[in-house]
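Respectively, the protein sequence lines represent chains A and B.
If you read the first sequence in this note's numbering, its first letter stands for residue 2, the second for the next number, and so on.
If you read the second sequence in this note's numbering, its first letter stands for residue 10, the second for the next number, and so on.
By construction, these hints were calculated from the structure, which means they are not laboratory data.
Nothing false has been slipped in among the hints.
Okay, the calculated bits of chain B under chain A, using three or more residues with CB under 8 Å as the criterion:
id: 1; segment: 154-160
id: 2; segment: 173-179
id: 3; segment: 188-198
Glycine included, every Cβ here is placed at the ideal spot set by N, Cα and C.
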Amino acid sequence: MTSWPALLPLAILAAGALILLVFEAFLKSRNKAYQGYAALAFVVSSGAVLIVAWDRDWAFFRGSLRLDNFGILLGLILTAAAAFVVLLGLRYVPLAGSNIGEFYPLLLFALSGAVIMLTTTNLLVVFLGLEVLSVSSYALAGLRLHDEKSSEAALKYFLLGSFASAVFVFGLALSFGASKSFDISALFKNLRPGSGTEVLGLAGLAFLLAGLAFKMAVVPFHMWTPDVYQGAPTPVAAFFSVGPKAVGFAVLLRLTAPLLGEGLRDDALHGLLTVLAVLTLIVPNLAALRQTDIKRLLAYSSIAHAGYLLLAVLAGDPEKLVFYLIVYLFMNVGAFAAVTALCRKDEERNTIEDFAGLGFQSPWLGALFSVFLLSLAGFPPTAGFLAKFYVFSSAARAGLVPLVILAVLASLVSVYYYLKVVVVMYMRPAPRATETDVQSPALLLVLFLCLYGVLQLGVNPGALMHLIRRAVAVLL
Amino acid sequence: MPILSLLTFLPLAGALVLAFLPRRREVLLRGLALAVALIALGLSVGLYLSFESGTGGMQFVEHAPWLGSGIEYHLGVDGISLFLVMLAAFLVPVSMLASWRSVSSKVKEFLIFMLVLETGIIGVFLSLNVFLFYVFWEAMLIPMYFLIGVWGGARRVYATMKFVLYTMLGSLLMLVAMIILHGRTGTFNLLEYYRLAGSGDWLDPRLQVWLFLAFALAFAVKVPLFPLHTWLPDAHVEAPTAGSVILAAVLLKMGAYGFLRFALPLFPEAVSKFLPYLSALSLVGVVYGGLMALVQKDIKSLVAYSSVSHMGLVMLAVFALNFEGVQGAVFQMVNHGLSTGALFLVVGLLYERSHTRRISDYGGLSRQMPVLSAFFMIAVLSSAGLPGLNGFVGEILCLFGVFRAGTLLAVLAVSTVILAAAYLLGLFQKVMHGPISNPAVRTFKDLNLREVLVLLPIIVLMFWLGLRPGSVLRKTEASAALQVSRVTGRSSVLVSTPAPSPLKAGKFSPLPLIREKRPAEEKDADD
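Produce the complete structure using the sequences and hints provided.
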């Protein structure tokens, strides 16, 4: 069945990005705020179309673009992340100088790439979306032209990202060779023992996985993360920490959920994912202990959270994984919003020491940032605790008790480095009497929405869980 | 009226209101926080008065669905938790009043954290759903972390980090154990666990061992049992007075309470294996804490080590697993809360005047500060177990319980009394008597009205509990007997004791422990 509205979310985003680019070229306005509001309108209307599409299963291009509920829910997560980032941009862009006008169009392109990846079951289309997302991400990382770190981040991201894309294509080729089809469901059939092509299919799957692991920032494919987060503009880093990760896990779920559900527990795929999970739980948590830059710290933290997400994949529980992703969106974007709040004219203040005394200088900002950090560390009654608890319990139910113990020990280590930031905020005096920054309403909106998400989902996630359950029903 | 929910969340609501008040109106902030804490205290007294002493089951039960799959909102109170809740509700306003002057910066945040802490503590004692319990258990760490870290002494950051990480190490493993327990039973309902554990169709003994170890680690850190106690002297010494009081008087009880409520009754077969080791560790704690207290040069760390010693005795009594032991442990927990709370308050009052905690900087204070000296003396004697004061009743009950569990154990455990007398009276002598070595002492003023009001209620309670212990023991006995029968699987806990007539209310007797023989209540107030 073909219904053209399936194209609408993408069309809005792409058209919006192009319009903004043209405006940027011809309108010599110093104030880029209009771009922000326009971008926000495009993001929100694309999200509205996604909401309308719920339960309608619109498809286009012979089903290679299909708005199923799973894709819609994940797409909405990404849309929300992008909307938050646009709001952060409203504060950040005026501070960062004039060369950053392409910020909003690039963000819209990145979002459209993510939406493509989420709303298809055709691996070639997934690759198409991956490239749209990646290429705009490379440019976004390098937007701070006057800063060498930003250029380094862009280059590093570009080189490693291209490599990862190549690996993904290689995996695509192998799996096409095995199954003569780009469809994900065809891939499974060849993995069954006795099909004759299971080795080829498995090799293909492994390479696809490696390509995705780069996007999800899973150890050992995580090397780019801290450098890119540190160099990229802070709102962009916020997007990187949520967007590509959510997309990567969504595709991984589409790839593996049926496999893991079918009792293929002891096969090579399971072993591979276990190794990745173990590494991702250990390495970033230890590395984060020694960080002095808040963005690098949050980068390692985002890698560590990929470890918990992998645990959910291993447990074969897509419901809890999606819940974790949503919670992660709120707490992580909230944390990055607090970092953005500290930015000054032409100056990002990113070392942990910059936060000294913040807790009492700007009590609300300090309190909110602490809530996000405590949620990331998994303290109740925040949503971070509930998300971890759900993932741990489904992993334990799946018989992965040793992994769960490793994960709780990892989160014990993480408590140390998250609280280290709180220590600096509340237990060190401010180095000099700095004037308190006036915060933009857009930024405050992001902070309070994230706070609402973190608390609401921590205490009463019932309605959301119901939605998630309906969304993941598509997978099983 | 959902009195338990009200009691639990009233302080939190108060904290929310405080958050929106201007920080410059300090008197308003303090007054409001104190009023909220006093209302909570009033509620807890109301709870006490309407508490029925005849039954050992849960009372005032509130039960509502929450997140599904066994996670429910389930509160209830029995004789064991009743007094711990009251202790918390009593000490929070007292320590707020005590911090009226000593906490002069960031008052708003201080009061907010105190109130949030109260909600966490009361929630821990009232939760009947293991998940809910864990939420409160962990959430309570956050305000305590800030109280030590922001208003503490010189090494406060180190101390507070150590406190949080130690506690979390234990509690995260307990979380895993809870998840596994839930996987086996499909519920987090504690009363349901009790029923299943009593029905014979319970967990495989090998699994019980692992789960018990995870629970025991979490609670042993909190108590703290030797050798997991090292966070305690640091945290106590560095915390502000209010923090030390709450920490010593209430937070440590959460460990003992956790053993009584969760670790022991849920895993009876594992308990029988580990009981000797746990008793041995408690005994080592008793002696080690006492010896360490003898050689401390800092008043606060002396009191901190005395806590290790006293809590060791409480744990010995809990692990004795008989009626007297549990009765004594609950009573002694209240006592220790009062006497150690009073000692920390006295140290705080001294510190406000002298800004030193070294024992050698004091001497001869009694002439300068007769009122403080008298209060200090009573607190010291209560802690050392002088008959007529509360400490004696608790200690003798604990020792009776321990004696029934093992004679040698009791003989060694008595050393706690001797050691306590030695280090506490030594402390009193060095601080209050002798010549004035430090000229600054001559300028010290005696207690003002507010400071008297801080200490007086505690002193009154010490006498009250010493002379009329029945007012506590009557309410705890049924619950204590029931809880013991849950652990040992025998309902006839009291059979081996001779059974004279029950104590008449109001008549003083050091032996309120022995009651008439009657079958312990099997019926549980499970709803």
